[in-house]
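Modelling step: build the complete structure from the supplied sequences, incorporating the hints.
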Amino acid sequence: MTYIITLGLIGLFMLGIPIAMSLGLTGLIAFFIEQGSRMNIPMIAQRMMYGINNFVLLAVPLFILSARLMNTSGVTTRLFNFATTIVGFLPGGLGHANCVGSLIFAGMSGAAVADAAGLGQVEIKAMDEAGYDHSFSVAVTAASSTIGPIFPPSIPMVIYGLVGGVSVGRLFLGGVVPGVLMTAALMAMVWLYAEKRGYPKTPFPTFRQIVKACVDAFLPLMTPAILLGGIWTGWFTPTEAAAVAVAYALILGTIIYHELGLRDVVQVFADSARDTAALGFIVAAASFYGWLLMRTGAPTAMAEGMLEFSRNPLVLLLIINLFLLVVGCFFETIVALLILGPILLEVTSKVGIDPVHFGVIMVLNLMIGLLTPPFGVVLFVMVQVGNMSFEEVVKATWPFIIPLLVVLFMITLWPPLVTWLPNLVMS
Amino acid sequence: MKKRLEQINAAILFLMFLITFFQVVSRVVLATSSVWSEELARLTYVVMVFLGAALLVRDDGLIRVTVLTDRVGKRAGKIFRILTDLFCVPFVAVMTWGAWTNTRVNWTTYAPTIDWLSFGYVYLAIFLSGLLMLWYLVGNLIRDTRTTLGTPSQGPEGWQ
Numbered sequence: 001m002t003y004i005i006t007l008g009l010i011g012l013f014m015l016g017i018p019i020a021m022s023l024g025l026t027g028l029i030a031f032f033i034e035q036g037s038r039m040n041i042p043m044i045a046q047r048m049m050y051g052i053n054n055f056v057l058l059a060v061p062l063f064i065l066s067a068r069l070m071n072t073s074g075v076t077t078r079l080f081n082f083a084t085t086i087v088g089f090l091p092g093g094l095g096h097a098n099c100v101g102s103l104i105f106a107g108m109s110g111a112a113v114a115d116a117a118g119l120g121q122v123e124i125k126a127m128d129e130a131g132y133d134h135s136f137s138v139a140v141t142a143a144s145s146t147i148g149p150i151f152p153p154s155i156p157m158v159i160y161g162l163v164g165g166v167s168v169g170r171l172f173l174g175g176v177v178p179g180v181l182m183t184a185a186l187m188a189m190v191w192l193y194a195e196k197r198g199y200p201k202t203p204f205p206t207f208r209q210i211v212k213a214c215v216d217a218f219l220p221l222m223t224p225a226i227l228l229g230g231i232w233t234g235w236f237t238p239t240e241a242a243a244v245a246v247a248y249a250l251i252l253g254t255i256i257y258h259e260l261g262l263r264d265v266v267q268v269f270a271d272s273a274r275d276t277a278a279l280g281f282i283v284a285a286a287s288f289y290g291w292l293l294m295r296t297g298a299p300t301a302m303a304e305g306m307l308e309f310s311r312n313p314l315v316l317l318l319i320i321n322l323f324l325l326v327v328g329c330f331f332e333t334i335v336a337l338l339i340l341g342p343i344l345l346e347v348t349s350k351v352g353i354d355p356v357h358f359g360v361i362m363v364l365n366l367m368i369g370l371l372t373p374p375f376g377v378v379l380f381v382m383v384q385v386g387n388m389s390f391e392e393v394v395k396a397t398w399p400f401i402i403p404l405l406v407v408l409f410m411i412t413l414w415p416p417l418v419t420w421l422p423n424l425v426m427s
Numbered sequence: 428m429k430k431r432l433e434q435i436n437a438a439i440l441f442l443m444f445l446i447t448f449f450q451v452v453s454r455v456v457l458a459t460s461s462v463w464s465e466e467l468a469r470l471t472y473v474v475m476v477f478l479g480a481a482l483l484v485r486d487d488g489l490i491r492v493t494v495l496t497d498r499v500g501k502r503a504g505k506i507f508r509i510l511t512d513l514f515c516v517p518f519v520a521v522m523t524w525g526a527w528t529n530t531r532v533n534w535t536t537y538a539p540t541i542d543w544l545s546f547g548y549v550y551l552a553i554f555l556s557g558l559l560m561l562w563y564l565v566g567n568l569i570r571d572t573r574t575t576l577g578t579p580s581q582g583p584e585g586w587q
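Protein chains in written order, with the working numbering: chain A, 1 to 427; chain B, 428 to 587.
In case anyone wonders, no lab produced these hints; they're calculated from the structure.
Quick caveat, the model's predicted, so the values are computed rather than measured.
Treat each hint with caution, since some may be false.
[As the list claims (entries may be wrong)] Calculated pairs, SDA-like style, for lysine to any residue (alpha carbon to alpha carbon, straight line, at most 25 angstroms):
#: 1; chain 1: B; residue 1: K430; chain 2: A; residue 2: D264
#: 2; chain 1: B; residue 1: K430; chain 2: B; residue 2: L442
#: 3; chain 1: B; residue 1: K429; chain 2: A; residue 2: L262
#: 4; chain 1: A; residue 1: K125; chain 2: A; residue 2: P91
[Stated by the list, open to error] Derived list of chain A stretches under chain B, where covered just means 3 residues or more per stretch with a C-beta under 8 angstroms from a C-beta of chain B:
#: 5; segment: 56-69
#: 6; segment: 234-245
#: 7; segment: 405-411
For glycine and all other residues, C-beta sits at the position ideal for the given N, C-alpha and C.
Laid out in structure tokens, this is it:
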């Protein structure tokens with residue numbers, strides 16, 4: 001039974017059956033084997049509805065919406081110009097601007113793909129025009145897009161919070177320091193490349209230029225402040241913060257910048273509803289599947305097996321990291337969180353690892369998975385945005401995985417990098 | 428019809444946003460917390476996911492792993508797609524059947540905070556979305572079977 005439910009699922013994934021349908025079909029077969037013809041059929045729809053009838057999950061469509069609205073309303077260009085002014089004078093200037101721009105955009109979006117596909121286009125175009133190697137521009141864009149779901153807000157952290165019963169507000173705050181560290185690590189890598197290849201830098205900005213850049217980007221820059229400030233002060237929950245972000249993005253795009261027409265807005269809502277359904281249907285099907293998986297007792301057995309191996313938190317975390325890096329190569333982030341999240345949390349909570357600490361580690365791990373073949377979603381986006389072959393993108397991007405691994409290692413070894421801020425603010 | 432359904436789903440998302448935003452405004456600005464908004468927003472989300480999933484079935488837009496299927500030839504790819512749709516049918520059919528039972532059973536079970544909203548309505552939306560998925564799956568199957576049988580295999584890229 002355990003084999004059917006695990007290996008069967010992987011087999012269906014590999015055949016190219018949609019993830020949600022694979023989860024549903026494997027669950028159905030296991031359910032039938034368990035209960036035979038007396039199978040409680042209404043239970044399937046009930047479990048699916050129960051799995052997504054959750055207010056925390058509503059943050060997902062709303063953050064998808066706000067990121068799309070920002071991308072469509074010219075906010076991304078303003079942000080990139082701002083980033084170029086403040087860090088462009090460093091060697092390899094636009095490469096740094098790419099990283100900083102992604103960090104700022106991460107403060108309003110919760111998905112790496114929104115960053116890679118939206119801001120990425122602006123970044124790659126600017127870097128191409130300034131004479132950077134195209135493969136370098138694509139690699140920096142791909143790597144820096146993974147900051148999106150680490151620095152708050154974050155769609156993967158919403159999902160982790162949901163499956164693990166962990167405060168999403170705390171998880172968001174836990175991602176702040178690691179997000180900044182990732183930016184710094186990637187900038188160090190850009191610096192190395194720039195020195196080696198003699199990449200250009202822009203002149204040091206004058207005071208007037210700095211003021212102008214700040215004024216131009218002031219309103220978009222307020223988004224992260226409003227989001228984090230609101231969650232911080234307890235004015236609104238993460239889901240409500242997402243609704244506020246959408247309202248803010250709508251006002252910026254329509255009334256202030258006049259770049260969003262009614263037709264654009266309708267299109268953005270239709271596209272976001274589509275993305276929402278694609279993710280939500282997986283969550284619904286995974287909820288049915290997960291319920292059956294729990295009944296087989298396999299997760300508990302797996303957790304006990306891991307605990308028998310070692311009860312040292314650090315050893316366990318390192319093993320889990322290795323395991324997740326492999327998983328990240330093959331699994332979609334949300335699926336990995338939905339299925340493995342509860343199992344791994346059972347292990348880590350038994351040896352006293354903070355669930356917020358583990359959440360950030362797990363998400364960062366899966367974000368690295370977005371950059372690793374054969375199933376790295378950001379790589380696929382880069383093939384389209386950067387107009388390169390998959391192999392070329394992989395070859396260009398892999399060195400930039402190293403700084404991300406360094407950050408992963410740092411936050412694994414030293415938990416306060418994650419837990420300090422949420423404990424300070426929300427104690 | 429597809430365009431119309433997409434617009435309906437966009438409108439449901441807009442409604443969900445309005446309700447959630449209203450919830451913040453009513454609490455922070457008007458200092459009265461609304462009791463019904465959270466539940467209504469959640470249920471609109473459920474409806475949006477199922478209806479949207481049906482539209483994705485039509486366009487082959489559900490998220491899937493394409494590592495293997497991208498590497499096979501055109502004709503094999505089509506056969507994979509036929510298999511995919513065939514595999515989807517039993518799950519969707521049983522889900523839809525169960526949704527219908529739930530619709531009948533819950534027709535008079537009302538949401539705790541909204542006295543006019545029956546859970547039966549939500550299950551009805553799931554049931555209708557399920558029917559729509561089946562309709563699209565069968566349509567895709569017929570189309571793919573026809574084109575697969577109709578086109579001969581082409582060179583090394585083909586079925587061999």
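| request: Any hints from earlier that this structure breaks? Give me their numbers in increasing order, please. | output: Hint 7 is the one this structure does not satisfy, whereas the remaining hints hold.
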